[in-house]
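J.: These protein sequence lines map, in sequence, to chains W and S. Heads up, the first sequence stops at 297 in this note's numbering, and the numbers go up one at a time, no gaps. Heads up, the second sequence stops at 297 in this note's numbering, and the numbers go up one at a time, no gaps.
Check before you lean on any hint, since a few could be wrong.
Since the list can't tell identical chains apart, any single copy or any two copies may satisfy a pair.
In silico SDA-like links for lysine to any residue, alpha-carbon gap of 25 Å or less [said to hold, decoys possible]: (1) Lys101 / Glu292; (2) Lys178 / Val86; (3) Lys247 / Arg59; (4) Lys78 / Met22; (5) Lys144 / Tyr122; (6) Lys178 / Tyr122; (7) Lys92 / Ala236; (8) Lys180 / Thr289; (9) Lys286 / Gly121; (10) Lys247 / Ala125; (11) Lys271 / Trp24; (12) Lys144 / Asp120; (13) Lys36 / Met22; (14) Lys209 / Leu66; (15) Lys180 / Phe81; (16) Lys224 / Glu179; (17) Lys62 / Ala239; (18) Lys62 / Gln176; (19) Lys271 / Met22.
Quick caveat, the hints were computed from the structure, so don't treat them as lab data. Computed from a predicted structure; not experimentally measured.
Protein chains: 2
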Amino acid sequence: MSWIYINDHFLEEDKAAVNVNDLAVQRGYGVFDFFRTRDNKPLFLDDYLDRFFNSAKTLFISLPVNREQLKNVIYALIGKNNIPESGIRITATGGYSPDGYTPAQGNLIIQQQPLIPVSEEKKEHGIKIITHEYMRDLPAVKSINYVMGVWLQKQVKEKQADDVLYVKNNLITEFPRSNIFMVNGGGKLLTPANNVLAGITRKKVLALAPEILPAATADIPLHELKNAAEVFMTSTTKRILPVVEMDGIKIGDGRPGAITKALYKLFTQMEERTIK
Amino acid sequence: MSWIYINDHFLEEDKAAVNVNDLAVQRGYGVFDFFRTRDNKPLFLDDYLDRFFNSAKTLFISLPVNREQLKNVIYALIGKNNIPESGIRITATGGYSPDGYTPAQGNLIIQQQPLIPVSEEKKEHGIKIITHEYMRDLPAVKSINYVMGVWLQKQVKEKQADDVLYVKNNLITEFPRSNIFMVNGGGKLLTPANNVLAGITRKKVLALAPEILPAATADIPLHELKNAAEVFMTSTTKRILPVVEMDGIKIGDGRPGAITKALYKLFTQMEERTIK
Numbered sequence: 022m023s024w025i026y027i028n029d030h031f032l033e034e035d036k037a038a039v040n041v042n043d044l045a046v047q048r049g050y051g052v053f054d055f056f057r058t059r060d061n062k063p064l065f066l067d068d069y070l071d072r073f074f075n076s077a078k079t080l081f082i083s084l085p086v087n088r089e090q091l092k093n094v095i096y097a098l099i100g101k102n103n104i105p106e107s108g109i110r111i112t113a114t115g116g117y118s119p120d121g122y123t124p125a126q127g128n129l130i131i132q133q134q135p136l137i138p139v140s141e142e143k144k145e146h147g148i149k150i151i152t153h154e155y156m157r158d159l160p161a162v163k164s165i166n167y168v169m170g171v172w173l174q175k176q177v178k179e180k181q182a183d184d185v186l187y188v189k190n191n192l193i194t195e196f197p198r199s200n201i202f203m204v205n206g207g208g209k210l211l212t213p214a215n216n217v218l219a220g221i222t223r224k225k226v227l228a229l230a231p232e233i234l235p236a237a238t239a240d241i242p243l244h245e246l247k248n249a250a251e252v253f254m255t256s257t258t259k260r261i262l263p264v265v266e267m268d269g270i271k272i273g274d275g276r277p278g279a280i281t282k283a284l285y286k287l288f289t290q291m292e293e294r295t296i297k
Numbered sequence: 022m023s024w025i026y027i028n029d030h031f032l033e034e035d036k037a038a039v040n041v042n043d044l045a046v047q048r049g050y051g052v053f054d055f056f057r058t059r060d061n062k063p064l065f066l067d068d069y070l071d072r073f074f075n076s077a078k079t080l081f082i083s084l085p086v087n088r089e090q091l092k093n094v095i096y097a098l099i100g101k102n103n104i105p106e107s108g109i110r111i112t113a114t115g116g117y118s119p120d121g122y123t124p125a126q127g128n129l130i131i132q133q134q135p136l137i138p139v140s141e142e143k144k145e146h147g148i149k150i151i152t153h154e155y156m157r158d159l160p161a162v163k164s165i166n167y168v169m170g171v172w173l174q175k176q177v178k179e180k181q182a183d184d185v186l187y188v189k190n191n192l193i194t195e196f197p198r199s200n201i202f203m204v205n206g207g208g209k210l211l212t213p214a215n216n217v218l219a220g221i222t223r224k225k226v227l228a229l230a231p232e233i234l235p236a237a238t239a240d241i242p243l244h245e246l247k248n249a250a251e252v253f254m255t256s257t258t259k260r261i262l263p264v265v266e267m268d269g270i271k272i273g274d275g276r277p278g279a280i281t282k283a284l285y286k287l288f289t290q291m292e293e294r295t296i297k
């Protein structure tokens with residue numbers, strides 16, 4: 022069992038609790054972020070902290086710590102837990118609101134877990150996705166609200182798929198927990214420009230891609246994705262994962278593409294440079 | 022401080038907590054319901070329990086009690102707390118999910134608080150509302166997700182309004198925590214038919230209205246609301262509350278209407294019959 026940091030205390034996991042009056046329990050209100058460690062070193066921590074503080078600010082949640090204090094706590098937790106390959110989740114709940122509706126000072130929770138690696142089978146053969154008409158509320162914010170994503174899992178399983186892509190007014194947006202990229206027929210890398218969470222892996226891929234091919238953000242109609250040469254998802258946990266089928270239609274030749282593999286290699290090399 | 026029931030135990034309010042791994046904290050995932058007591062008697066309890074069990078079922082949350090057991094616990098809590106005029110909230114969180122994403126057995130929480138009555142000023146003079154383009158996810162479900170409603174409070178205050186009405190594709194739907202009704206120029210009572218929570222007060226008003234005027238559910242374009250003779254909201258806490266201004270435009274003559282007042286009287290009489 023790992024240690025959890027909560028409001029100035031390190032507690033054993035089974036003792037880390039919030040009162041039922043917290044706005045997270047009352048109103049599903051809170052923000053979080055999630056990053057990885059490799060060899061006990063956090064990857065791209067400043068990018069994640071930028072996003073976390075922005076999410077909290079947008080949802081009017083005040084934090085009990087500043088950025089330096091938060092960093093110190095994260096490093097202390099990493100030292101205490103010693104889980105070299107891990108995922109770390111920072112949550113700021115809506116807090117204890119006097120009227121049960123107005124955001125208060127957030128309860129700050131930091132949790133660390135061993136990383137569950139993506140299966141080799143999925144990395145090698147790619148995954149199948151379905152689509153669903155939806156857009157997250159306030160998509161630039163990493164809020165804790167995953168009602169739709171959690172609820173759709175049954176449909177994902179029934180259709181023997183691995184994930185669900187949200188589509189809004191015929192434009193693709195994002196997966197519940199990942200961004201999407203495509204290589205179009207002209208050999209250009211594209212990812213949705215609007216109404217998505219600004220993923221950190223997405224940002225790194227956009228920065229690395231020009232070594233291989235031109236890359237841009239754009240509004241992408243669903244039918245363009247169906248005609249893509251390659252499609253992949255990006256996330257902190259999955260890094261870069263090929264998508265080979267959408268709504269029962271094969272993408273390209275139904276196998277992970279060469280550009281997807283090359284970008285995966287570039288990205289892992291970037292990770293390794295970062296932790297050296 | 023009142024007693025809280027949580028998973029088979031009655032605890033003092035400050036000791037009622039859920040572990041941070043609960044899906045409510047991790048994913049904002051849970052359902053709830055909220056009813057009133059008068060003179061220590063629950064009002065329309067069966068209607069609320071129907072909705073609560075339906076919400077839990079739709080979100081795949083299994084409950085640790087059946088309907089009879091839940092009723093017994095509610096009556097036991099009412100007896101222990103002795104808060105004759107109260108609001109009781111039943112919450113079922115998404116529970117402790119092994120993968121942090123799939124709903125598990127819900128943690129059941131029952132809380133009772135003294136009722137904060139609506140101000141006489143608002144009852145007498147009515148309230149002002151603004152509108153916002155939005156529809157709740159899975160609107161038939163009373164989920165704990167109020168990210169949009171909580172977030173919009175700043176705009177409501179800035180515009181010196183009291184609440185915000187969600188409008189989707191030019192059709193009015195509901196307030197974050199209340200339903201809406203209008204009396205049109207032809208003397209008919211209307212409330213949105215689709216994409217709203219089936220409010221219990223809404224249901225009772227629809228049942229009572231024919232004593233005074235014809236009533237129906239319908240798709241209501243925003244411009245019809247602007248030309249309404251009377252508008253009011255319904256909710257468990259507010260019962261029936263007149264709306265006299267929308268987006269800076271007066272409704273009718275800007276004062277609570279005669280039909281709104283007559284329905285309020287009928288509704289409170291119905292409450293009194295119920296608890297006798």
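J.: State for each hint whether it applies.
T.: Comparing the hints with the structure gives:
For the homomeric pair Lys101 and Glu292, the shortest alpha-carbon distance inside one copy (23 Å) is at most 25 Å, but the shortest distance between copies (58 Å) is not. In the homo-oligomer, the alpha carbons of Lys178 and Val86 never lie at most 25 Å apart, since the shortest distance is 41 Å inside one protomer and 28 Å across protomers. For the homomeric pair Lys247 and Arg59, neither the shortest alpha-carbon distance inside one copy (35 Å) nor that between copies (59 Å) is at most 25 Å. Taking CA atoms no more than 25 Å apart as the test, Lys78 paired with Met22 passes in neither setting, with 32 Å inside one copy and 32 Å between copies.
Taking CA atoms no more than 25 Å apart as the test, Lys144 paired with Tyr122 passes between copies only; the shortest distance there is 21 Å, against 43 Å inside one copy. Taking identical chains as interchangeable, the C-alpha atoms of Lys178 and Tyr122 lie at most 25 Å apart only when they sit on different chains, with a minimum of 14 Å there against 35 Å within one chain. For a Cα distance limit of 25 Å, the shortest separation of Lys92 from Ala236 qualifies neither inside one copy, at 33 Å, nor across copies, at 59 Å. For the identical chains of this complex, Lys180 and Thr289 are neighbours neither inside a copy (32 Å) nor across copies (50 Å), given an alpha-carbon limit of 25 Å.
Proximity of Lys286 and Gly121 under a CA criterion of 25 Å is satisfied in neither setting, with 48 Å inside one chain copy and 29 Å between copies. In this assembly of identical chains, Lys247 and Ala125 lie within 25 Å of each other by CA distance neither inside one copy nor across copies; the values are 45 Å within and 35 Å between. In this assembly of identical chains, the alpha carbons of Lys271 and Trp24 never lie at most 25 Å apart, being 44 Å within a copy and 57 Å across copies at closest. For the homomeric pair Lys144 and Asp120, the shortest alpha-carbon distance between copies (20 Å) is at most 25 Å, but the shortest distance inside one copy (48 Å) is not.
In this assembly of identical chains, Lys36 and Met22 lie within 25 Å of each other by CA distance both inside one copy and across copies; the values are 11 Å within and 23 Å between. Within a single copy, Lys209 and Leu66 get their C-alpha atoms no closer than 29 Å, and across copies no closer than 59 Å, so neither meets the 25 Å cut-off. In this assembly of identical chains, the alpha carbons of Lys180 and Phe81 lie at most 25 Å apart only when taken from different copies (18 Å versus 39 Å within one copy). Taking the shortest Cα distances, Lys224 and Glu179 never come within 25 Å of each other, neither inside one copy (33 Å) nor across copies (35 Å).
For the identical chains of this complex, Lys62 and Ala239 are neighbours neither inside a copy (34 Å) nor across copies (58 Å), given an alpha-carbon limit of 25 Å. In this homomeric assembly, Lys62 and Gln176 never come within 25 Å of each other (Cα to Cα): the closest approach is 37 Å inside a single copy and 41 Å across copies. Taking the shortest Cα distances, Lys271 and Met22 never come within 25 Å of each other, neither inside one copy (42 Å) nor across copies (60 Å).
The structure fails to meet hints 2, 3, 4, 7, 8, 9, 10, 11, 14, 16, 17, 18, 19 from the earlier list, while all remaining hints are met.
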